[in-house]
Structures are given as structure tokens and as C-alpha cells.
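From first to last, the protein sequence lines stand for chains A and B. Quick note: the first sequence uses my numbering, first residue 1, plus one each step. Quick note: the second sequence uses my numbering, first residue 1, plus one each step.
Keep in mind that a hint or two might mislead.
[Said to hold, decoys possible] Some chain B residues near chain A, calculated using beta-carbon distances under 10 Å:
#1 49
#2 74
#3 75
#4 81
#5 86
#6 89
#7 96
#8 107
#9 115
#10 117
#11 138
#12 149
#13 166
Please keep in mind that the hints were generated in silico from the structure rather than gathered at the bench. Idealized CB from N, CA, C, for every residue including glycine.
Residues per chain are reported as follows:
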Amino acid sequence: METFIGAVINGLALGMAYALIAVGYSMVFGVLRLINFAHGSIYAFGAYMVYFFISIQVGLFWSIMIAIVLSGILAMLVDKLALEPLRKKQSIPIASLITTVGVSFIIQNGLALEQVFTSEKKGFPSLNLFPNIMIGNLTIQSSQIIMFAVALVLLAVLSYIVNKTKIGLSMRATEQNARAASLMGVNTNFVISFTFFLGGCSAAIAGTLISGYYQIISPTMGATIGLKAFAAAVVGGIGVLYGSVVGGLVVGVVECIAAQYLGSNVRDPMAFVILILILIIKPNGLFGKKGVSKV
Amino acid sequence: MMLKITDLNVHYGFIHALKGIDMEVNEGEIVTLIGSNGAGKSTTLGAISGLVKASKGKIEFEGENITNLPAYKVVSKKISLSPEGREVFPALSVEENLRLGAFTRSDKAEINQSFERVYDLFPRLKERIKQPAGTLSGGEQQMLAIGRALMSRPKLLLLDEPSMGLAPNLVLMIFDLIESINKQGTTILLIEQNANMALSVAHRAYVLETGKISLSGDAKELMNDPRVKSAYLGEIHET
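Input sequences plus hints: build the corresponding full structure.
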């Protein structure tokens, strides 16, 4: 029983971090109807920036802050340099999609360059900032609690931004009808940049939290987790913020339970098993809106 | 003169949609642009509001050149478009739609005044304040689109087919409202397929035919012009 509860707790903590990555997919999908496959590489970039600034003796807190901002800017630049030109030319949606895949490889391999961080795995500082909590035979690591709490707070902040602020209102308007939004005075290019920025920031935070838990980073770390979080976003209903949270938690908990009882090789495919099962039953995801198509 | 359009040309790829249009709107007027489907009416409003690029020509508003200014900047010049087909934000509430209309403004007290003004004009919107715009009837959506355009407190209001798809009694109501909005001091440029109604409320009119202005003048005189009568008012012209 304790191993089961342990797996669930582990899954909830990881799942919350997945949710933080998933909302990035969801928000960008909302405004552009585009799956941003570069998102996972931004997640890795964020973790590497924390690693880098700590290695040059910037303190943990400021390293994380700088990494968050830089990742947000990188995500925004990806859009400005690679995607916005395609939108201006009104190219086919699939062109943007393959571009994001390409950008993800460029960032990932950029990190792996011999002159940069090399392809070797690096140690990442532990985020066990306070003593672990023991309940009977059950140990809850402080990094798990931090991961859960920080992700929860940030998701609440994101939800506040989207639903209660002026920029959030302009994001929702752009999502529904970019042309009409521009007639209201909304600079839709700014809204899109801002959305990428928010997504990049949350990916970097998730990257830091998860790396602080596993205490290891590698340039390809974003590939699998990025796809899992994408699966979580689709499971919850892409474009719906709380859907990403539920999707992330479901994926996190199920994969941890599966890993506990069926072995760790079962962990990574679980997200996609869930994805396939949910989509068969609910084609738009758990909370998805109907009629949202395009790539 | 409030709005001055000189030799306006618009191309959609190889299609030459507007072929050198000249028109003017004076402060306080209701000016209407009539013409059949595809004549270029919506394109003209699109070019003014920044949705469509002009390939040649000039659009001046209050002496300032606004040609090819992006749409989101045109709004802050106090020009506002209620687009064809309403284009309200279906998943947002009536209130949020109106709030977006005031996006370029920041003074809360003044924005609240505009809310009151819109609710005075359209009491039905006030009843549905929290309802998603997509659940409104066609007439209510039209009211919302006009109300939303008024929220930026425009000097010039561009209306694209406000009566389209509405029941006859609603059409009358919308045109009454257009007149009262104008009497409250907003200049209006109106596009309509319902030429009869449009000419009856307008001061002046332009007739657009395949991208060119073919006739212009006093609205009441145009109403009696045999060419307009036979082409747009559905009356048989006796020769």
C-alpha cells in the first residue's frame, strides 16, 4: 500500500510539472492553432541555463530567474524569426509545424555542441531545499513538494493572466478571431509573442523543477518529456488550460504507478497509451472543445 | 473634411478590386456606399480600417495620412469598424466583447460611461451581460457588434451591412439606432445592400460599380435617380 501511495505522490508531483509544460503547448495552440514542437527543447534550454549560471557562481535563485527570462525570450525569438515570416507569407500550416520540429533539433543540438555543453549528461543541483517528510515508511522528498507547489502556483498565475487581465482578454480574443481582435486595437503579433514568452517561461520552470528532482540534465532531455506533455495537453483537450492540468496529472500518476509495478521501461509509453485510449472514447480530449481542427 | 480618400486602389493577387476611388466624409454626416455584391464596398471599408492593403492611393483622416496603417493602430485614431457578419467573439461574454471594444482606452470612469451609453442604446445587451456572445440571436449579435465598435468612442463609425440577415422589424430598429448614434455626434460611413433603407437615412451617397464610383451626390436625389432606381432599388425604370 505504501509503495502505491508513494507512486501516486510521485506521479502527482511529476504530473504537475508535466501540466506546466502542457499549458505551453495549449496556449500556443490556442492563438495559432499550431503544435509548437520546439517547446521540449526550450524546456531543456531552461534547465541548461540554470546549470550554466550556477556554474559561474550566480546564486540558485537568480540563476533560475535569469534562465526563465532567457527561455521566454528564446521561445519568442523562435516565433519571430522562424514562424512569423511564414504567417506573413500565408504559407500552409504544415510548414510551420515542420519548422518547429526543425527548431527543436537546432536548439537541442546547439546545446550538445562540443563548444557549448557537450552531449554528456551533467549533474544538476538538487532542489531538496528542506528535509524530507516521513510518514510511517513513506518518504516524501522536499523536491517533490516544491515541484507540486511551485507548478500549482504558476498554473494559478497563468490562469489568472488568461482569464482576468487585459492581455489575457486580448489572448482569448485573438484565439477566437484574430482579425476582429485587431479591429478592437489588439496588436495580435504582440499577443502571439507574449504567448510564446509565457510558454517559454513555464517550460523553463518545469525544466528546473524536474531536473532538480532527477539531478541530471542532457541536451535531449526535452524530447521525450515534451512529447509526453503534448500527449497530456491532448488528453485534457488542447486549448483548454485546466484540461492540461488534469491531463498532466493523469499522465504523471499513471506512469508512476506503471513504473512501480511493471518496471521502468513501461514508464515512457504510458502517456501515449492513455492518449490513445482517451481519444478513442473522447476524440476532443477530456475537456476539449468541438470544432477545433487545423494542424 | 473628416475622411478623404484619393485614388484608392486595392489588388487581391491579380484581381483589381478597387480601381481608383475618390470619396469624402464630412464630420457629422451619414454617408452610404451602395452597390451590388462584389462591387468593392467591403474592400473600401477594409482599406480604411487597415484590414486590406492599398496598392495605390491615399486615405487621410483629419488631415493625417493613415494609408496602410495596421488595423490595431487605426482604432486609436478613432475610426471603428463593425464588420460584415458581425464577427463577435462567440465564446466571450457580452461584457467581455464590449470591454474589448474599449481596448485602446484606459480611463476606467470613461469606459464605464461608454458601457452605460451602449446599454442605453441596446437595453437587450444589458440583460445578457454575462451570456456568451455565440448564444445571442442574429439581431442581438448585430447590436453587440455595433455596441462594441462604439466602445472605442469613435469619431468615425464604419458599418458593414448592419441589416444583413435580420428580420424586417429589426432592420427598421437598426436603422433608427444608426440615426440616433449619428445625432449623438458620431460620423457614419455605411455600407448596405438594402439601398433603399441606406439612402433614406444617409445625407450623401456613393454608388460603387465593379471597383469604381459610378455616381455620387445627395442621398435623397440619388434615391430618385432613375439609374439608381432600376439598378439598386428594384424598381422598373420606365423609359
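*Which of the listed hints are broken here?*
Violated hints (numbers, rising): 8, 9, 10, 11, 13; every other hint is consistent with the structure.
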